[in-house]
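S.K.: Those protein sequence lines, which keep their order, are chains A and B. Read in order, the letters of the first sequence correspond to residues 0 to 102 in numbering that gives the first Met the number 0. Read in order, the letters of the second sequence correspond to residues 0 to 102 in numbering that gives the first Met the number 0.
Keep in mind that the hints were calculated from the coordinates and are not lab data. Quick caveat, the model's predicted, so the values are computed rather than measured. Check each hint, because a few of them may be wrong.
As the list claims (entries may be wrong) - Okay, the calculated bits of chain B under chain A, using three or more residues with CB under 8 angstroms as the criterion:
| id | stretch |
| --- | --- |
| 1 | 3 to 13 |
| 2 | 30 to 36 |
| 3 | 76 to 86 |
To be verified - Partial selection, computed: residues in chain A whose CB lies under 10 angstroms from chain B:
| id | residue |
| --- | --- |
| 4 | Ile52 |
| 5 | Arg80 |
| 6 | Tyr98 |
For each residue, glycine too, the CB sits at the ideal point set by N, CA and C.
2 protein chains.
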Amino acid sequence: MEPPYYAVIFTSSRTEGDDLGYGAMAAEMERLAAAQPGYLGIEAARGGDGAGITVSYWRDVDAITAWKRQVDHLDAQRHGREHWYVRYRVRIARVERDYAFER
Amino acid sequence: MEPPYYAVIFTSSRTEGDDLGYGAMAAEMERLAAAQPGYLGIEAARGGDGAGITVSYWRDVDAITAWKRQVDHLDAQRHGREHWYVRYRVRIARVERDYAFER
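Produce the entire structure from the sequences given, and follow the hints as far as they go.
M.R.: Shown next as structure tokens:
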């Protein structure tokens, strides 16, 4: 991934109690996203307090818009608001620099 | 936070074993970052597998550069490479859109 490319920063707070299929849906969404044009990758972490961050990477804004409107993904978004999330925030950001350390 | 503003996406994989003061240093870095000019906020999540994501938010690139060069932060970066991280990646990204859901 050589900049510039795009990141979707999704920060969320999960509801407590029954998962209502959350894990299965999350895995299915990752699989579907990876099949979308312009998909570059995804990283996710969720702590024990229910606060989570998922960052997905995309070639451009058009790829993000297409994924946002994908039919199964729209269904997951609705289900997320109804069942899984207390709150979330989505940020669309243009990655300008990218550097790494490896042991 | 009204876009545009900047995000630093820090994804990392922690070493196993002794924390060697990792938690205390992380808390101290959050405290120091919050005192920097142009700081807007920070969010972090780390899963049980050691994979973590921290996103800090800044007014502009100059604020990020100043924080990167802050003396105590430089010391923490060096300590992180020597002890705490197997690998990490830093991405500097310009947030262009931002929307939220709240239950």
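S.K.: For each hint given before, does the structure comply? Return the numbers of the non-compliant ones in rising order.
M.R.: 2
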